[in-house]
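Asker: One letter stands for each residue in the lines below.
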Amino acid sequence: MNCSRIEPKLSEYLNEALSAREALDVEKHLAECHPCTLALTELRHTVRLVAAAPRFELSPDFMQRLQERIDAAPVPSRLGWVQNLRQLLRPRPLSLFGATAACVVAVVMFVPRLPMVQAPPQELGAAAHVAAAASQNVVLTASDPLEDIAVANLSANPAAYSEPTE
Amino acid sequence: MPRLSAAGPILSCIALSVVFASALPASAQPRPGTPAAQELRRFKRLRVPPRAPADTDVTDTDSRRARGLVALFLGSGQRQRYTAEQTTRILDGMVQETQQLVKWGGAGRQRIEYISPARFKGEIMLINGGRLLNYKPAPVHKVFIGPVPPEEFASRVRELNIAIRDGRIRVALIGSENVAGRMAGIVEIRPPRPNAPFKRLWIDEKTGVRLRNETISPRGATVNTSYFTRIDYDVDLLPRDFGPDSLPSAPYEAILPKSSPLASVQSAQEQCAFTIREPAVPDGYGLAGAWVVRAAARTTVILRYTDGLNFLTLFQSSLVRRPASPLAQPAKLRGGVAHWAAEDRLYTLIGNPRADAFNRLAESLK
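Residue numbers (the working numbering), protein chains in the order written: chain A, 1 to 166; chain B, 167 to 532.
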């Protein structure tokens, strides 16, 4: 499976929205493709940035005021198809900002990517791994009347856990 | 030694069947027509052929009383409502302790709210509606959620009853003790093979509630325990005590798939990009289930083994980067948990195997 088929699936892969088979195909490709691995890392970073962005509370009458503005907006006059075509093909002066922005986009899209010095994906610390395993183990023990979920929950002590040394 | 009449085993099994059938609350009964309902009907019709008494038959009074107490615990003990204060300790190489407030609303409905120590304070575990919700306060501030299907619990109760009846799991009454103001019979429960961890339960002789439990190492040392310091049966528990709304508002994170466990490592391998390494488990252990879990773009394979009483659970995931050099220290089991890296794998083991069995297990994964 090549990059052009994998890259559109990276977002769904990150959201764990792919089927088991598709996720397996993506992971097999990522194991061999550094550019796609980098793309996934960037996507993950973007998701984190968006999640950390400030949230704004809407006022209670926001929707009502929005609807009023929509209702008050002038209805565009209906032109014949010839006038629509002329409108579409009318030359429009580009603003300096718009031209600059277009050039930047063109450079980013079409100039070959320089190799980026990127930190490799970070490993979770030992404490995080053990905590995740302990949480899963608590769920597994809850189905057994002879098991003790309070003991299972205490079994991992991230504060006291040491990293495996290399 | 007194001989047991042929009617004894038949009556015992009928009694166990009635106890088992009545142990499930209405909300936990499987829907008619489902495989779980068919399984339950088959068990209810299970007829145990009478066994001729033998000289070596386990028929002594203490064993009968132990079986009766365990049956009481697995039956009406699960339905008994109460609130309690509980202390939990892990004693293997270090001492860790927590205190919790426990509310038990019947089978499949529990609430455990941590009081101390400070790093656990505010944590809540809820079991309700076939799910476990584990709220972790700041800095984590999340609710971890996983499936605890009532039919899985019922299936395990059935397995235990059959294993005790067949003598594969041995139970014995070893004494009685007052726990939190209640008289409890102390039942020892041992797995089929010797030199394996075993359990002790202190069971309220009147209600069947488990007042204390211990896991004992093969050398006879207590490795973990939970016990009530106070219990109150005369309580009014409200449905909202067990509802998700009673938890602080926090993001939810699923930590186990809702699907049933996979029956083989091969089934798990079909869903996993890296090659699953199977450990060398102690004698008498078999695979109880396998799971493939994806979280944060990482795949973890869970292999759970059991000897009928004890469990060993191995979590493995592939390392993003191989360790630069071999580990400076071998894998070490502490407090029932070991965590280590080997080759391109990260492992976590949860369980209480003997030291030599654990070392063999870790070696087999290199």
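Please keep in mind that the hints were generated in silico from the structure rather than gathered at the bench. C-beta: ideal position from N, C-alpha, C; glycine also. You may find that some hints are simply not true.
To be verified - The calculated DSBU-like cross-link candidates involving lysine-lysine, where the alpha carbons are at most 30 Å apart (straight line), are:
{"id": "1", "chain 1": "A", "residue 1": "9", "chain 2": "B", "residue 2": "308"}
{"id": "2", "chain 1": "B", "residue 1": "287", "chain 2": "B", "residue 2": "302"}
{"id": "3", "chain 1": "A", "residue 1": "28", "chain 2": "B", "residue 2": "532"}
Claimed, not checked - Chain A stretches covered by chain B per the calculated footprint, using a threshold of three residues with CB under 8 Å from any CB of chain B:
{"id": "4", "stretch": "10-16"}
{"id": "5", "stretch": "21-27"}
{"id": "6", "stretch": "131-145"}
Asker: Does each hint hold? Answer for all of them.
Answerer: Evaluated hints:
Taken as a hint, the residue 9 of chain A and residue 308 of chain B pair is honoured in the structure, with Cα atoms around 27 Å apart against an allowance of 30 Å. Distance check on the hinted pair: residue 287 of chain B and residue 302 of chain B sit about 9 Å apart at the alpha-carbon level, within 30 Å; holds. Pair hint residue 28 of chain A plus residue 532 of chain B holds up; C-alpha atoms about 23 Å apart against a cutoff of 30 Å. Counting residues of the stretch 10-16 of chain A whose beta-carbon sits less than 8 Å from any beta-carbon of chain B gives 3, enough to reach three: the coverage restraint holds.
Counting residues of the stretch 21-27 of chain A whose CB lies closer than 8 Å to any CB of chain B gives 3, which reaches the minimum of 3, so the coverage claim holds. Judged by the Cβ-Cβ criterion of 8 Å, the stretch 131-145 of chain A is covered by chain B as claimed, because 14 of its residues qualify and three suffice.
Checked against the numbered hints above, the structure breaks none of them.
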